[in-house]
Amino acid sequence: MSGFSQVVRGQAVERPPYPRSPLRYGFIPILMFAHGCAGIQSTLEPTGAEARQIATLFWVMVIGGSVVWLAVIGTLLYAARWKGEPHSAQSAGRLILWGGAIFPAVVLMALLAYALWLMPSLRPQSGEPPSAPLRIEVTGEQFWWRVSYRSKNHEASIASANEIRLPLGQRVEFVLKSSDVIHSFWIPSLGGKMDMIPGRTNRLSLLATKVGIFRGPCAEYCGTSHTLMAFYAMVMDPAAFDIWLEAQSQPSEELASDGKLRFISNGCGSCHTVHGTEATGTLGPDLTHLGSRESLAAGILPNTEEAIRRFIADPDVIKPGSKMPAFRMLPEDDLQAIASYLKGLK
Amino acid sequence: MRIIPNEMESLWTLFTAPVVWALHFLICYVSVAVYCAKSSQISFGFDVVRLGVVLVTIMALALIAMSGLLAWRQWGFGTHDPPHDDPTRHDRELFQGFATLLLSGLSFVAVIYVAMPLLFIAECSP
Chain A
1 MSGFSQVVRG QAVERPPYPR SPLRYGFIPI LMFAHGCAGI QSTLEPTGAE ARQIATLFWV
61 MVIGGSVVWL AVIGTLLYAA RWKGEPHSAQ SAGRLILWGG AIFPAVVLMA LLAYALWLMP
121 SLRPQSGEPP SAPLRIEVTG EQFWWRVSYR SKNHEASIAS ANEIRLPLGQ RVEFVLKSSD
181 VIHSFWIPSL GGKMDMIPGR TNRLSLLATK VGIFRGPCAE YCGTSHTLMA FYAMVMDPAA
241 FDIWLEAQSQ PSEELASDGK LRFISNGCGS CHTVHGTEAT GTLGPDLTHL GSRESLAAGI
301 LPNTEEAIRR FIADPDVIKP GSKMPAFRML PEDDLQAIAS YLKGLK
Chain B
1 MRIIPNEMES LWTLFTAPVV WALHFLICYV SVAVYCAKSS QISFGFDVVR LGVVLVTIMA
61 LALIAMSGLL AWRQWGFGTH DPPHDDPTRH DRELFQGFAT LLLSGLSFVA VIYVAMPLLF
121 IAECSP
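Chains as they are written, first to last, in the numbering used here: chain A, 1 to 346; chain B, 1 to 126.
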C-alpha cells in the first residue's frame with residue numbers, strides 16, 4: 001500500500017528501516033524443492049529421446065513465461081514509481097495496443113508453434129504393429145501392471161508383472177490397455193504419459209538413451225491404492241537385455257523346497273502362474289521370476305522374503321482395495337516356506 | 001439490396017466475428033475427427049482434409065476481416081476516442097463499432113491459433 005500512497009500523494013516517503021525478514025532465507029525451501037527435480041522419476045532429468053524433448057519444451061516455456069512475467073512486473077514497477085508527467089492518451093493507447101495485444105499474441109503464437117512443432121516427435125508412431133522389433137503390452141489392473149513382451153526373436157509372448165525392462169538405444173512400442181478403470185502409464189525419465197482406457201488400445205513409443213533404473217507411477221487416479229501402484233523400468237545394455245529376455249522365456253530353475261508344494265496346496269496357483277508348475281492362474285501377477293524383480297507389490301516394497309511373507313498374509317493392509325485375499329490364517333511355517341520359494345524364483 | 005449495409009442497426013453485427021470463430025473451430029475439429037475415425041473407408045489422404053481446412057480458415061479470416069472493417073467504419077475510422085458513454089445514438093454506435101472491432105481482432109488471432117495444429121499434425125494415430 002505504501003507504494004500506492006506514494007503515487008497518490010505524489011511525494012516521496014522516507015521508508016523506515018525494515019527488520020530482517022525471515023523471508024530472506026526463502027531460498028532454503030526452494031533449494032529443497034529443487035532437489036526433487038532430479039532422480040529416478042523426474043521429467044527434468046531426461047534419459048530418453050521423448051523425455052529430452054519434453055524437458056526442452058518445459059525450459060522454453062519457463063523462459064518464455066519468465067520474460068513475459070518480468071516485462072509485466074517491470075511495467076508495474078515503472079507505473080507505480082513514475083513521478084513525471086502523465087503520458088498522453090495517444091502514447092498510452094499505443095503502449096496498450098503493442099504491449100497488451102500485439103506482443104502477447106506474437107509471443108504466444110511463437111510458443112504455441114514451437115510446442116506444436118515438437119508434437120510429432122513427442123508421440124512418434126512406430127508404424128502399424130508389429131513393425132517394432134520389441135513390443136511390450138502393459139495392462140493396468142487395480143493396483144498392478146500386467147506386462148507381456150513380444151520380441152521378433154520369440155514366437156510366444158513372455159509374461160511378467162510390475163517391472164519393465166528395455167534395451168538401450170532401441171525403440172520400443174508399448175501397447176497399453178486396462179482391464180478395469182482408467183490408469184495412466186508414465187515413466188517420467190523416458191517420456192510422456194499415456195492413458196490406459198478400458199476397451200481401448202493406446203500406443204506409446206519410447207527410446208531410452210541411458211542405462212539405469214527408473215520409476216514409473218500410475219498417473220491417473222484409479223482407486224483406493226492408486227498411490228501404491230508403481231513400477232520400475234530398467235534400461236539395459238541390448239546384449240544383456242537379450243540374455244535376460246531369453247531367461248524370462250524359460251521357467252525358473254527348480255529349487256529343492258517344500259514351499260512349492262505349499263504354494264500349490266494352498267491354492268495360490270488359481271490366481272498366479274509359475275511356469276513349469278501346475279500354477280496357471282491369470283487373475284493375479286505372473287510370479288515365474290518374482291525373485292529377480294527389483295521390487296514387490298507394484299513398486300512399493302523391497303523384494304525380500306520378509307516382504308513377500310507380509311504381503312501374502314496382509315495384502316489388504318499393505319495395499320487396501322487389492323483383489324488378493326488375505327492369507328493370515330495360514331500357519332507361519334507355510335507363509336515362510338512359500339515366501340522363501342517365491343524369492344528363489346529367479 | 002446492398003450486400004454491405006450502410007449502417008449498423010443490429011446488435012448481431014457485434015457477434016459476427018466470434019460466431020465465425022466458433023464455426024471455424026467446429027469445422028476444424030469435427031472434420032479431422034471424422035476423417036481419422038473413418039480413414040479406413042475414405043479414399044483420399046489427410047492432405048485433402050488439411051487443404052480443406054486451410055480454405056475454410058482463409059474464408060473465416062476474410063469474414064472476420066470484413067466484420068472488422070465494417071466495425072472500423074462504424075467507429076469512424078478511429079477519429080473518436082473512447083469512452084463512448086454519452087446516452088446518445090451516436091455514442092451507442094461508436095461504442096458498438098469499437099467493441100466489434102476489438103472482438104474481430106480477438107477472433108482473427110483465435111482462428112489462426114485454432115488452425116495452427118493443422119500445419120503440424122503428421123497423421124491420424126492408429
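Please keep in mind that the hints were generated in silico from the structure rather than gathered at the bench. Backbone N, C-alpha and C fix where the C-beta goes; we use that ideal spot for every residue, glycine too. Mixed in with the good hints, there may be bad ones.
Chain A stretches covered by chain B per the calculated footprint, using a threshold of three residues with CB under 8 Å from any CB of chain B [as the list claims (entries may be wrong)]:
{"hint": "1", "segment": "107-113"}
{"hint": "2", "segment": "117-123"}
Pulled from the structure, derived: some chain B residues nowhere near chain A, Cβ distances all over 10 Å [as the list claims (entries may be wrong)]:
{"hint": "3", "residue": "14"}
{"hint": "4", "residue": "22"}
{"hint": "5", "residue": "81"}
{"hint": "6", "residue": "93"}
{"hint": "7", "residue": "125"}
Check: Okay, the segment 117-123 of chain A and chain B, do three or more residues pass the C-beta test at under 8 Å?
Finding: holds (count 4)
Check: Taking the closest pair, is the beta carbon of residue 125 of chain B still more than 10 Å from chain A?
Finding: 7 Å, violated
Margin query: Count the residues of the segment 107-113 of chain A whose Cβ falls closer than 8 Å to any Cβ of chain B, and tell me whether that reaches three.
Written below: Holds: 4 residues of the segment 107-113 of chain A have a Cβ under 8 Å from chain B.
Check: Was residue 14 of chain B rightly flagged as not at the interface, with every chain A Cβ beyond 10 Å?
Finding: 19 Å, holds
Checklist line | Status of residue 93 of chain B, Cβ more than 10 Å from any chain A Cβ | finding: 20 Å, holds
Checklist line | Minimum Cβ distance from residue 22 of chain B to chain A greater than 10 Å, as the annotation requires | finding: The assertion about residue 22 of chain B holds, with a minimum of 19 Å to chain A.
Next item on the list: Grab the minimum beta-carbon distance between residue 81 of chain B and chain A and tell me whether it stays above 10 Å.
Entry: 7 Å, violated
Consistency note: the structure conflicts with the earlier hints numbered 5 and 7.
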